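Hey, can you work out the whole structure from these sequences and the hints?
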Amino acid sequence: MILNRIGRMIVVVAIATSLLLGNIILPTGPVLAEKTENTFDRDGDPASVGREFDPGLPIENCFWKTTLSADPYHNAFYPDAHSAYPVALFSLPENSHVKITGKFPHARSMTFSAYFYDPDSDTLVSGDHQIVDYEIEPDGGSTNPFRKGMDRTAKDRSYTMTWKAENLPTFKQRFAEAFPNWGEKLQQIPENSPDFKEALVKVLPKLVEKLPKIPEDLPEFEELFSDAFPEAAEQLKLEPNTLYLGEKEFPNIGYIVVMRLYVPDKGTNLLGDTELPEAKIIRENGRVIEGDALCRNKYSKFKGSMGSVYPSPAFDPVAYKAERDRTEWYNQDRPDTWPAQDPPYIIREWTAKYNFCANFEQGPDNADQCPQPTDPNVGSGGFINSTTVYLTTWMDRNFGEILVLRGKKPKTPKTYFGNKIFNRTRDAEMRYFSWSTDEPLSRSRVIDSVFDEEIPVDENGYYTVVVSRPSYRPKNANYECGYAWLEFPAAGDGFGDMYLGELRNRWQMQMNEFEYAPQNTKIPGDEPEVMGEYFPQGTYYKTPEQFDNDFPCKS
Numbered sequence: 024m025i026l027n028r029i030g031r032m033i034v035v036v037a038i039a040t041s042l043l044l045g046n047i048i049l050p051t052g053p054v055l056a057e058k059t060e061n062t063f064d065r066d067g068d069p070a071s072v073g074r075e076f077d078p079g080l081p082i083e084n085c086f087w088k089t090t091l092s093a094d095p096y097h098n099a100f101y102p103d104a105h106s107a108y109p110v111a112l113f114s115l116p117e118n119s120h121v122k123i124t125g126k127f128p129h130a131r132s133m134t135f136s137a138y139f140y141d142p143d144s145d146t147l148v149s150g151d152h153q154i155v156d157y158e159i160e161p162d163g164g165s166t167n168p169f170r171k172g173m174d175r176t177a178k179d180r181s182y183t184m185t186w187k188a189e190n191l192p193t194f195k196q197r198f199a200e201a202f203p204n205w206g207e208k209l210q211q212i213p214e215n216s217p218d219f220k221e222a223l224v225k226v227l228p229k230l231v232e233k234l235p236k237i238p239e240d241l242p243e244f245e246e247l248f249s250d251a252f253p254e255a256a257e258q259l260k261l262e263p264n265t266l267y268l269g270e271k272e273f274p275n276i277g278y279i280v281v282m283r284l285y286v287p288d289k290g291t292n293l294l295g296d297t298e299l300p301e302a303k304i305i306r307e308n309g310r311v312i313e314g315d316a317l318c319r320n321k322y323s324k325f326k327g328s329m330g331s332v333y334p335s336p337a338f339d340p341v342a343y344k345a346e347r348d349r350t351e352w353y354n355q356d357r358p359d360t361w362p363a364q365d366p367p368y369i370i371r372e373w374t375a376k377y378n379f380c381a382n383f384e385q386g387p388d389n390a391d392q393c394p395q396p397t398d399p400n401v402g403s404g405g406f407i408n409s410t411t412v413y414l415t416t417w418m419d420r421n422f423g424e425i426l427v428l429r430g431k432k433p434k435t436p437k438t439y440f441g442n443k444i445f446n447r448t449r450d451a452e453m454r455y456f457s458w459s460t461d462e463p464l465s466r467s468r469v470i471d472s473v474f475d476e477e478i479p480v481d482e483n484g485y486y487t488v489v490v491s492r493p494s495y496r497p498k499n500a501n502y503e504c505g506y507a508w509l510e511f512p513a514a515g516d517g518f519g520d521m522y523l524g525e526l527r528n529r530w531q532m533q534m535n536e537f538e539y540a541p542q543n544t545k546i547p548g549d550e551p552e553v554m555g556e557y558f559p560q561g562t563y564y565k566t567p568e569q570f571d572n573d574f575p576c577k578s
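Numbering-wise (the numbering used here), the sequence shown opens with residue 24 and increments by one.
Simulated from the structure, these hints should not be mistaken for laboratory data.
Do not take every clue at face value.
Think about it this way: if two alpha-carbon atoms lie no more than 20 Å apart in a straight line, the pair counts; the simulated EDC-like pairs of lysine to aspartate or glutamate are [claimed, not checked]:
| id | residue 1 | residue 2 |
| --- | --- | --- |
| 1 | Lys187 | Asp288 |
| 2 | Lys303 | Glu503 |
| 3 | Lys178 | Glu160 |
| 4 | Lys303 | Glu272 |
| 5 | Lys434 | Asp288 |
| 6 | Lys178 | Asp288 |
| 7 | Lys376 | Asp391 |
| 8 | Lys443 | Asp174 |
| 9 | Lys376 | Asp549 |
| 10 | Lys326 | Asp339 |
| 11 | Lys434 | Glu262 |
| 12 | Lys122 | Glu189 |
| 13 | Lys271 | Glu189 |
| 14 | Lys498 | Asp481 |
| 15 | Lys126 | Glu160 |
| 16 | Lys171 | Asp549 |
| 17 | Lys324 | Glu262 |
| 18 | Lys122 | Glu298 |
Computed from a predicted structure; not experimentally measured.
Written out as structure tokens, the structure reads:
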């Protein structure tokens with residue numbers, strides 16, 4: 024019998040009351056497989072999943088307002104439990120810029136993402152410009168450990184960046200600035216191949232004819248030009264180590280930049296044995312603003328409220344509850360498990376509007392009636408970034424206490440145990456891969472995560488991730504037996520339904536043109552076809568014993 028949502032809350036209150044009175048002894052869960060020092064197995068406590076804060080490590084100041092992570096006091100905007108997200112909120116006087124100095128962390132990845140105010144969606148934040156770790160030029164005498172073959176343990180690892188209050192220059196703008204008389208300039212380019220002059224004669228007239236008609240930032244044109252004129256293309260690259268913030272600040276917030284740091288090496292602190300990058304605002308007259316002076320109103324409009332960008336610019340609590348609760352309990356036509364499905368309905372996170380419609384309003388059978396996304400990089404809500412794509416699904420314990428997810432795992436670099444060389448090998452397919460359980464939408468909190476090195480695979484490269492409450496954890500659901508385990512959220516959706524939760528599958532940075540990544544999906548519904556064996560499938564189990572029978576321990 025399926026418990027309705029009100030019934031669930033009544034049961035929880037009754038159990039809690041009885042526990043306080045000493046009248047009930049709850050049965051213990053199944054005995055867990057024995058842990059060893061060499062296993063990735065965890066107890067599911069979010070504080071131990073991620074990296075506990077070092078009391079001596081500053082995680083906020085006048086420039087970096089907070090550092091988001093799985094820490095209970097800094098958990099928001101769907102962080103991965105193996106990550107840290109320092110968030111810079113600041114204002115810039117006219118004709119000033121930011122100078123950033125820092126050290127490359129001992130970690131899997133690092134990115135800096137600028138966010139801008141999107142007028143089309145009124146308040147939605149969307150990724151505009153981003154700099155990825157390997158793109159950053161190190162300071163003289165230093166090493167960028169994120170580049171192929173570089174020493175990840177190098178002692179000298181500093182970098183310097185510039186953040187400008189300008190829009191990201193388009194390719195056509197860079198082209199016009201570099202080559203005002205571009206026909207003559209191109210013909211002066213030294214030969215770089217035996218057939219360069221022949222190619223120039225053939226391609227140049229077409230470019231002359233088509234250039235005024237080509238939309239700005241058309242990727243195909245930039246690629247065409249770069250292939251035909253590689254030396255000229257070098258002159259069109261963006262300024263190194265420069266992040267473009269856009270020209271418009273968020274009202275009452277200022278500019279927003281998020282630094283993402285994934286999987287600090289074992290034994291390092293939350294920031295991979297580094298500290299928050301040092302920020303200085305350089306005024307037009309050369310005056311330098313730094314330290315506590317960055318807290319002054321002219322440099323910091325932020326007063327504590329994230330307004331419409333938190334917890335999600337797309338979260339409408341009235342609409343959420345109305346759609347979630349249009350169920351049989353309220354004499355409506357939906358099952359009490361809505362929006363979760365059996366088997367799980369797994370889709371890419373396209374846009375906030377589309378995903379809410381496909382999951383809550385229409386459901387998977389009628390998702391084609393939802394407003395189709397035109398640009399997945401704008402409008403998906405929260406702090407998206409261009410390097411990462413998510414698969415998401417809703418789950419409900421009424422289908423079964425254990426949810427099992429199976430799929431082929433992409434190959435990723437290994438870094439957690441302090442591997443000396445960062446090796447972007449020929450067979451690596453993604454930089455980072457993980458599964459997380461969340462309290463969705465209303466709180467946007469991560470509960471638990473397992474990342475690629477924690478997820479064992481079978482002889483065919485397939486993984487098995489098991490999701491349950493700790494008391495229903497199967498005996499075999501541990502790393503040594505060949506399976507990964509995730510904790511189901513204790514508070515469910517964090518909005519009154521303790522049996523409903525969300526799963527998030529994070530795919531970061533394609534490597535070597537990996538063709539089965541969700542980044543290659545184009546329209547909703549093509550995920551299984553594009554991803555093939557890498558697309559996950561979910562199955563519910565009623566009891567831990569059923570899982571253990573089907574998934575014996577491999578150790």
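> For this structure, which hints from the list above don't hold up?
Replying inline: 1, 2, 10, 11, 16 and 17
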